[in-house]
Amino acid sequence: MNNWLAFWRRIAIDWALLIGLLGLCTIGLLLAYSAGAEALPAVKNQGLRVGLGLLLLVAVAQVPIAWLQRLAAPIYLLTLLLLLVVDAIGAIGHGAQRWLELGPLRFQPSELAKLAVPMMVARYLSDRPLPPTARDILVSGALALLPVLLIAVQPDLGTSLLVAAAGLSVLFLAGLSWRVIGLFTGLAAAAAPLMWLFGMHDYQRQRVLTLFDPQRDPLGTGYHIIQSTIAIGSGGFYGKGWLEGTQTRLQFLPESATDFVFAVFGEEFGLLGAIGLLLLYGFIIGRGMHIAAQASDGFGRLLGGGLVCTFFVYVVVNIGMVSGVLPVVGVPLPLVSYGGTSMVTLMLGFGMLMGIRAHRKLWPA
Amino acid sequence: MVRRQQTIKDPAAELRLFRRRAALLLVLMALAGGGLLVRLGFLQVVQHDRYATASRNNSIRAEVIAPARGVITDRNGTLLAENVSSYSLYLTPESVPDTAATLAGLGRLIDLRPADLERFASLRRTRPRFEALVLRRNLDDTEAARFAAHRHQFPGVELRGDLSRHYPLGSLTAHVVGYVGRVSEAELAQASAEQRATDSIGKTGVENFYDALLQGRVGYQQVEVDAHGRRLQVLDRTRAQPGTPLRLELDIDLQRAAQAALAQRPGAVVAIDPSSGHVLAMVSEPAFDPNLFVGGIGNADYRGLMDNPERPLTDRALRGLYPPGSTIKPLMGLAGLVSGVVTPDSHVWCPGWYTLGNSPHRYRCWQRHGHGRMELLRAVSQSCDVYFYDLALKLGIDRMHEQLGRFGLGARTGIDLPGEQAGVLPSQAWKRSARKAPWYPGETLIAGIGQGYNTATPLQLAYATALLASRGQTPTPRLVAPPLGLPPAAPGQSPQASPEQWQIIADAMHAVVSPGGTAFRALAGAPYSAAGKTGTAQVFKLSQRADDRGRTAPQHLQDHALFIAYAPLEAPRIALSVVVEHGGSGSGTAAPVARQVLDAWLARPGGT
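Residue numbers (our numbering), protein chains in the order written: chain U, 1 to 365; chain S, 1 to 608.
Keep in mind that the hints were calculated from the coordinates and are not lab data.
Note that the structure is a prediction, hence the values are computed from the model and not measured.
The beta-carbon is built from N, C-alpha and C at its ideal position, and this holds for glycine as well.
Hints are not guaranteed to be accurate.
From the structure, some residues in chain U lie toward chain S, with a derived Cβ separation under 8 Å [said to hold, decoys possible]:
1. P74
2. I75
3. G236
4. A293
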């Protein structure tokens, strides 16, 4: 009995965070059942992924933060290498290439980048006095931008966005000066029209235009937006109830369980459910930021903060696109969407976060 | 870097900075979350009525469009497998008020087999309720008309035009091309979207081996439907991508000639191009009509095929195991030369029998009165057993295993077809593990004339012959050449012999079809020069030691007749093997079959 207690005291798990994550996974399973037209195999698959993810989370949480710091550079280099390989294969195959096939495993290096970039940038900046000098900003900006570009050419807009957010948020948390932020915001604003004219694929322009007027392309890119807003809107305040949102299930067969799962949620659980879901996300983000702020060293602090910000961007971009206020990019609703790739990355990230909390030094910072 | 850190880094200030920034971010995040809630509130509260109405009026569903399966042709473009349109009955569970009653009602109009109902039940468990699920395929005209007349009684049930597989040449290509059948309930869980959509999966032959290529990709369409599930209009369509057409290296005229030559006797013919490994013909007789299997074969038909004593469902070319008999003698001869245990001039006296050591047992030659003085060339052309008993003894079983193994015996060739048999090429180790018994010297003798434990498929024999023809250069047999097919794996451990040694064996096989050879009559007058070897495969073992050739066996246990050949001698363009079950002698039955096939390839007008 004593041993048992001692074990649970020694194992690095943040119970508050874990309960929040389990809440999300449960919602994901309920929606997998509903969106999959009450098919149990989908729920079973998702359940297996959740189980595997939790195992990984607990395992990573036990890794001392100093190890992560030492591993940051090798993991980052490996990620760059894999991204180059994937881009090369994609170029040969004349098309989008995001996976590496390792026997039965299908592996997406861009997922690894979501962890490797905040690790590397945090590692680089934590060695230096903060706020960062102009040179530090340039170097860490380049460290983040390199994988972002490699992912953007795959092309995978959603993922490159998340990786960029991870790198920039670490830089921001490290104390990027407001003057620099202002400068780059100004530059971005100036560059936007140029991007629009020269830097975007035609389908990307279409998506942005469609956002402002879904009716201009009701059968193409606008179709999902129209249908998902109808589904969400028809849910009303209380929602139609679990398994009652037949409308959603009738409409988009291919994506109702994955990127557009929030439409099912909005239809079946209404605004009340959405408030609850956002509060749950808010709780996890707040708890995560608290853990980061309590970290005893700069690396853990910056890494934790970066991971939390990435998670936040997931939520906002996904719900924003499904409810029709952001362009459609392929970003899943974290821990809720059906699918395994992002589940593993997210769980690894939260494992690191728990590790940061567990391995902080015992005196108050 | 270290220097700067020591002098300037200020942990307390950095922590304060981080916390300020983190707090700021949390405020921004809360604002963004609030913004999302405002948007959702706008949709779900302010505009709720509008969207609720839209939701009620708007009923759009996604339908799967099945891809057309890739057609299969022979090397000249003759269709071996095509798609023809047919009627299928679909049922959409969501639109059917009472499924049990509907099924019962339909059962009175059209023939619904238990298999149909089982499959439907299984689809219903795994597929969305709004998807139209196939209930019955390949309705005949009467059934289609009968359903059309009663259509109004069955809301949610519809008749759709579909493509179904058809094999225009029927039994001629049944074994090699194979057939598609319905995805069984057991396969359903693993089936791809394409297989579910078309409800068919390659079960055997090329159809099975290249199933993934032939399937194509499903398309989807968005269909607006009214409250009764009737289609109003198609809104959006992602076209299905048809499967890749597949061109076999098979030549259908040669295939037909080979089938005709077998003249409905059970047996097999395999012909290979020795330079490329391409399979030119692959016939197994008797065969069956693959079209019977396409829509799900009926019980009576299936029983008929299963109970047929001539086993038409067995692909003899790929899975039939026969003792290779004397057809391995050329291989034995080469093994003897390569190993240096015989020379072209070394000789053995054949009195009609052979004894081993002090044993009084006589191993007989097929020529009861003996061949007299035999050297390698005449031993092959006369098929003298005594010479090869002696050669086997000199080589020993393990060296035979090693050398004959280089010709692909005892292992799968790796052809692009499922279910190939490997046969047996015995060795001491093989017998120890497979039979849990030691090797006896007498068994070496029997193995030396291709009897005993030796078994091989007609495909293996044809491949070994191709290797003889190409002097070890033939790549793995292939029905489909790259880029669609597998790359031609080079012969792994191909036989190594000097040009002179290859020439000796070629001369010996040429002597087989020359005056005085065992197959002279069958090949006489051919407008090309050929090389061959007869064989007789013992069917019935009279004793465990297999020391009697069993000539007294009843008719249905008569020996199998074998023949291998290639031609033209100088630059071989075809190598083949022929097996005629219970055909008696290789020279009398199998060699004439080979002659017809060789003629069809080499002596036809224009020639290939």
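Consistency of the hints with the structure:
The beta carbon of U:P74 comes no nearer than 19 Å to any beta carbon in chain S, farther than 8 Å, and the hint placing it at the interface is violated. Annotation: interface hint on U:I75 violated; nearest CB of chain S at approximately 21 Å, more than 8 Å. With a least beta-carbon distance of about 5 Å to chain S, the hint placing U:G236 at the interface is held under the 8 Å criterion. A cut of 8 Å between beta carbons decides the hint on U:A293: the least distance to chain S is about 5 Å, and the hint holds.
In summary, the structure is inconsistent with hints 1, 2 from the numbered list given earlier, while agreeing with the others.
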